[in-house]
Amino acid sequence: NAGVTQTPKFRILKIGQSMTLQCAQDMNHNYMYWYRQDPGMGLKLIYYSVGAGITDKGEVPNGYNVSRSTTEDFPLRLELAAPSQTSVYFCASSFTSRQGGSYEQYFGPGTRLTVT
Amino acid sequence: KQEVTQIPAALSVPEGENLVLNCSFTDSAIYNLQWFRQDPGKGLTSLLLIQSSQREQTSGRLNASLDKSSGRSTLYIAASQPGDSATYLCATSQGGKLIFGQGTELSVKP
Chain A
1385 NAGVTQTPKF RILKIGQSMT LQCAQDMNHN YMYWYRQDPG MGLKLIYYSV GAGITDKGEV
1445 PNGYNVSRST TEDFPLRLEL AAPSQTSVYF CASSFTSRQG GSYEQYFGPG TRLTVT
Chain B
8 KQEVTQIPAA LSVPEGENLV LNCSFTDSAI YNLQWFRQDP GKGLTSLLLI QSSQREQTSG
68 RLNASLDKSS GRSTLYIAAS QPGDSATYLC ATSQGGKLIF GQGTELSVKP
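So the protein lines, in turn, are chains A and B.
Residue numbering for the first sequence is 1385 to 1500, as defined by our numbering.
Residue numbering for the second sequence is 8 to 117, as defined by our numbering.
So that you can see chain B by itself, here it is in the shape it has in the complex (with noise of 0.2 Å):
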């Protein structure tokens, strides 16, 4: 059974600075992951989808990258601002599903 782990659960940082959350599976038959941004009381907002036989994928500030082998996923904010502040959600896609991580709650200071 596919179990997906975000560590830390909880992350600030000062404005300006890079930074990166990390997203772990145990099962490597993935067809792809998923990095997701929920803002609170609000939905998901899908951030970047990367295919099993990629190796990142970049959209503005935001890189994510995926290396099968280890069963690990990061994504990486460059120069955060308070308008990241948000959580952030992992999801690994099997069969049609997705399995989610419990998200990392990222709050950036102005």
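Chain A on its own, in the form it takes in the complex (with noise of 0.2 Å):
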């Protein structure tokens, strides 16, 4: 299994310029979130999803927005970049219960994003 793996893993864009970052698991996992990581900060969330078709807001999700159309694939998508946004971003994956319980969360390797 080759996990989670995100693609690309560093990108310069420029004020105003859009992008998608690309995550995708193979371990058949239902729920698969994007996470952004700041300087000497722990991970805040931007948006999951718990399943194909469903996605829900995070903590800070504006400036983004996530599709999941097949259980692999979670891509997030930059519009109208902002140099507030400059931040490496983490795609993570698990399988959770009904009753909401997470287990062991897999993350990809992070894409390195400078909005200048």
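The reader is advised that the hints may include incorrect statements.
Simulated crosslink set (DMTMM-like; lysine to aspartate or glutamate; CA at most 25 Å straight-line) [unchecked claim]:
1. Lys1428/A - Asp46/B
2. Lys1398/A - Glu1463/A
3. Lys49/B - Asp1422/A
4. Lys1441/A - Asp34/B
5. Lys75/B - Glu1443/A
6. Lys49/B - Asp1410/A
7. Lys49/B - Glu1456/A
8. Lys8/B - Glu1443/A
9. Lys49/B - Glu1488/A
10. Lys49/B - Asp91/B
11. Lys49/B - Glu112/B
12. Lys1428/A - Glu1463/A
13. Lys1428/A - Glu112/B
14. Lys75/B - Glu1488/A
15. Lys49/B - Asp1457/A
16. Lys8/B - Glu1488/A
17. Lys1428/A - Asp34/B
18. Lys49/B - Glu1443/A
19. Lys1441/A - Glu10/B
20. Lys1428/A - Glu10/B
21. Lys49/B - Glu22/B
22. Lys1393/A - Asp46/B
23. Lys1393/A - Glu112/B
24. Lys1398/A - Asp1422/A
25. Lys8/B - Asp1422/A
26. Lys1393/A - Glu1443/A
27. Lys1441/A - Asp1422/A
28. Lys8/B - Glu1463/A
Computed, partial: chain B to chain A, Cβ under 7 Å [stated by the list, open to error]:
29. Gly50
30. Leu51
31. Ser53
32. Leu56
33. Leu96
34. Gly103
35. Phe107
36. Gly108
37. Gln109
38. Gly110
Hints listed in this document are in silico derivations from the structure and should not be mistaken for laboratory results.
Here the structure is a predicted model, which is why all the values come from computation and not from measurement.
Ideal Cβ positions, reconstructed from N, Cα and C, are used throughout, including at glycine.
Grab the two chains, each in its own frame, and use the hints to assemble them into the complex.
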């Protein structure tokens, strides 16, 4: 199993540009997540998905959009990039029970994004 | 709203020392608590997961404890090694989502 994969590893955007961060998992996990990590800080949840066709906002969703058309893929879209979106973005997945108990989360290697 | 706090933010110890990292949380209604390791410029690696019904979990030189009533978890590292140098994050699980602390940056000096 490849686990959780993310592309690209690095990206530099100009203010106002758009891009999509790709995330895929091959573990048949139902839940998938997008986090951002700013220097010296923990991770903040941007969006998450409980299954194909279902997404929901996390703590910091403004400026981002997501979709989940398949179990495997969970792309994150940045529209009109701003310097405040300079961060490291992590995708993760887990199997989560109906009661909402999340089992171990597996993380991708991250995408380092700079907006100038 | 759940808040997770890790103290200290940074810790430097000599090789061979036993050490404890602390994690506190405000809402005890958690499903589980996870400890992660993050190396510079890398993603997160899960170290230990403690279910809410458990008191502790062990893996090699690592032991994590959970006290829901006091809102605390500790990660104990025995006989620390320079290879243990990394940032350690704890996270509580509620409703399928993780809430992270800010992390403790550990440096183990040879």
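Checked hints:
| no. | hint | in the structure |
| --- | --- | --- |
| 1 | Lys1428/A - Asp46/B | holds (18 Å) |
| 2 | Lys1398/A - Glu1463/A | holds (12 Å) |
| 3 | Lys49/B - Asp1422/A | holds (13 Å) |
| 4 | Lys1441/A - Asp34/B | holds (21 Å) |
| 5 | Lys75/B - Glu1443/A | holds (24 Å) |
| 6 | Lys49/B - Asp1410/A | holds (20 Å) |
| 7 | Lys49/B - Glu1456/A | holds (22 Å) |
| 8 | Lys8/B - Glu1443/A | holds (11 Å) |
| 9 | Lys49/B - Glu1488/A | holds (18 Å) |
| 10 | Lys49/B - Asp91/B | holds (15 Å) |
| 11 | Lys49/B - Glu112/B | holds (14 Å) |
| 12 | Lys1428/A - Glu1463/A | holds (19 Å) |
| 13 | Lys1428/A - Glu112/B | holds (18 Å) |
| 14 | Lys75/B - Glu1488/A | holds (19 Å) |
| 15 | Lys49/B - Asp1457/A | holds (21 Å) |
| 16 | Lys8/B - Glu1488/A | holds (22 Å) |
| 17 | Lys1428/A - Asp34/B | holds (18 Å) |
| 18 | Lys49/B - Glu1443/A | holds (23 Å) |
| 19 | Lys1441/A - Glu10/B | holds (18 Å) |
| 20 | Lys1428/A - Glu10/B | holds (12 Å) |
| 21 | Lys49/B - Glu22/B | holds (23 Å) |
| 22 | Lys1393/A - Asp46/B | holds (16 Å) |
| 23 | Lys1393/A - Glu112/B | holds (23 Å) |
| 24 | Lys1398/A - Asp1422/A | holds (19 Å) |
| 25 | Lys8/B - Asp1422/A | holds (21 Å) |
| 26 | Lys1393/A - Glu1443/A | holds (24 Å) |
| 27 | Lys1441/A - Asp1422/A | holds (19 Å) |
| 28 | Lys8/B - Glu1463/A | violated (29 Å) |
| 29 | Gly50 | holds (4 Å) |
| 30 | Leu51 | holds (4 Å) |
| 31 | Ser53 | holds (5 Å) |
| 32 | Leu56 | holds (5 Å) |
| 33 | Leu96 | holds (6 Å) |
| 34 | Gly103 | holds (4 Å) |
| 35 | Phe107 | holds (4 Å) |
| 36 | Gly108 | holds (5 Å) |
| 37 | Gln109 | holds (5 Å) |
| 38 | Gly110 | holds (6 Å) |
Hint 28 alone, counting from the list given before, is not met by this structure.
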